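Undergrad: Chains A and B, in that order, are what the protein sequence lines are. Residues in the first sequence are numbered consecutively from 1, following the working numbering. Residues in the second sequence are numbered consecutively from 1, following the working numbering.
Quick caveat, the hints were computed from the structure, so don't treat them as lab data. All of these numbers come straight from a predicted model, not from anything done at the bench. Don't be surprised by glycine CBs; every beta carbon is placed ideally from N, CA and C. It is possible that some hints are incorrect.
One side only, chain B facing chain A, incomplete, derived with CB under 8 Å [said to hold, decoys possible]: (1) Phe45; (2) Gly107; (3) Ser108; (4) Leu112.
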Amino acid sequence: EDQVTQSPEALRLQEGESSSLNCSYTVSGLRGLFWYRQDPGKGPEFLFTLYSAGEEKEKERLKATLTKKESFLHITAPKPEDSATYLCAVQQSGGSYIPTFGRGTSLIVHP
Amino acid sequence: KAGVTQTPRYLIKTRGQQVTLSCSPISGHRSVSWYQQTPGQGLQFLFEYFSETQRNKGNFPGRFSGRQFSNSRSEMNVSTLELGDSALYLCASSLTPDATNEKLFFGSGTQLSVL
């Protein structure tokens, strides 16, 4: 059973069309939840870390939020350069600090 | 500051061969982790090294091994390659991986194709 599930698997948006990506997790205790962006042919690049329910972080058109069971990555008025795969990773408290990654959401923004 | 460097960028091997991949972490980073990325399984953790010691290991067969040198550079080796080993192999470095807010810095990966 996956501990980290991301949805949708793929998302196509028109430029300017806002939407949200979801990351749900089932670990018993959360140490940290990470969002990464991965461009084709490159490794993931860090975006945000969230630690507790209610926390929010923003960067340009991206805003990440966290509840006790899931995180959302909101994309406001996206541009074609926001096209990438967005990965969520969860670090469990009390156990190994190695993060578990979701399978990602592939986002394509059409001009 | 130079990022994480992985070599080679691309590799083509045949079944039964072995392969060695190299990773140079960001200067000052002592932890190196290796991940396998495939379209079907996503990012799967292989192992993590810190100060030349393997501290964590994922659920992969013994054909997958690694090591870390005193300068923190790391290598991973896959012996007796199988078709299913075709994947993007990513290396990530971090300063103190067990810190609460520690993020990973990834290289661009080595794309391995097994024919």
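Undergrad: With reference to the structure, classify each hint as holding or not holding.
TA: Evaluated hints:
About 6 Å separates the beta-carbon of Phe45 of chain B from the nearest beta-carbon of chain A, less than 8 Å, and the hint is met. Given hint, Gly107 of chain B at the interface with chain A, holds; its Cβ is 5 Å from that chain's nearest Cβ, closer than 8 Å. Hint status for Ser108 of chain B: holds, given a least beta-carbon distance of 5 Å to chain A, under 8 Å. Hint status for Leu112 of chain B relative to chain A: violated, with the closest Cβ pair at about 14 Å, above 8 Å.
Hint 4 alone, counting from the list given before, is not met by this structure.
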